[in-house]
Amino acid sequence: MKLSFFAAAAGLLSTPLYAHDYTVGDLTIHHPVVFETAPMAMTGGGFMTITNSGTAADRLIGVEADFPRVEIHQTVVTDGIGRMLPVGAIDIAPGTSVTLQPGGYHVMFIGLEGRQLKDGDDVPATLLFETAGRLAVVFKVEKRPEGTGMTMQHGSDAGTHSH
Amino acid sequence: MNSKLLTVSASVIVVAAAGAMVWTAVQPPSDIFAGCSTSSVAGAAIGGPFTLVDETGATVTDAQVLSKPTLIYFGYTFCPDVCPTDSARNGETLDLLTDTGYDAGVVFITIDPDRDTVDRVREFTDYFHDDMIGLTGSPEQVAVASRAYKTFYQKQDTGDDYYLMDHSTFTYLVLPGLGFVQFFKRDDTPEDMAKTVACYIDASANA
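Just so you know, the protein sequences line up as chains A and B, in that order.
Counting in the numbering used here, the first sequence runs from 1 upward without gaps.
Counting in the numbering used here, the second sequence runs from 164 upward without gaps.
Please keep in mind that the hints were generated in silico from the structure rather than gathered at the bench.
Stretches of chain B that chain A covers, calculated by requiring three or more beta carbons in the stretch to come under 8 Å of a beta carbon on chain A:
1) 231-243
2) 285-292
3) 324-334
Backbone N, C-alpha and C fix where the C-beta goes; we use that ideal spot for every residue, glycine too.
With the sequences and hints as input, model every part of the structure.
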């Protein structure tokens, strides 16, 4: 069941109309998406799953895109208070997947300045990995999935899970 | 000075006494919501008066905004992850309630009044639900509303216009005449929230 494999691998982003993957070295980047933004929103969140099928660790150390600022952040909720902390890098241990998802790690596209990201749009970006190097990807803009709440952040270590 | 102090003290006592009387008068029998409650609150009471600015630029009070059972959320429109997720969830909750015949409201109060203008808050809330009410105000007005609901917010100063805010992520259920009765956390689903809100509405109608 290929479909259920993707559903398991992608976690919250489990029901894309279509999935798109990229490969660089031992890394597979599954279905990078940005959720559609409100018309005057200044920021958009990018999500994806990165799988490291190799035997050595790698790290996502940056993302480049055509916005005033692009950063990697982690949402941390402590005692009901949400904080977004810039993180310098995301470790991807060998044989594991890391999912960037709402409530956890995400790419922050900052400074939309009136450029609403709409369902069906493409956001070209470049992912920078410490070992695997640069990888050009397209974040597909999709409608926010309904009824999800924040169920995925619980019981997982900021979206990291092993295969 | 002493007489002024006395006057102030007396006022405080009068206000406190009046507050206690009002509380006693409106406090429902303690168990009518027993079957609804999913959160417990210890310590200071949540909720209270505020004056803010609505989506049309009009100044409004809590009494005007909270005329029906209402979910209140404090957030900001520059927020890329938490606030859109929670606002979409609260909008879905309102849909579920409306679909099952309950008349309720959803309010979004910005804790970033420096950037969240009336227009920006209106467009943000309209995106998540046609009936979601967005409120902003002066920094002082927002501080009063936030204090009333015991919420926390703090700017992460990055030295430019793209700063982020740390903020409380609870959603508060307020009933007309009764005030705050229940809060929801981020992992509560629209289905769970709608069920709980409906329970409170039913219970207060039967009281």
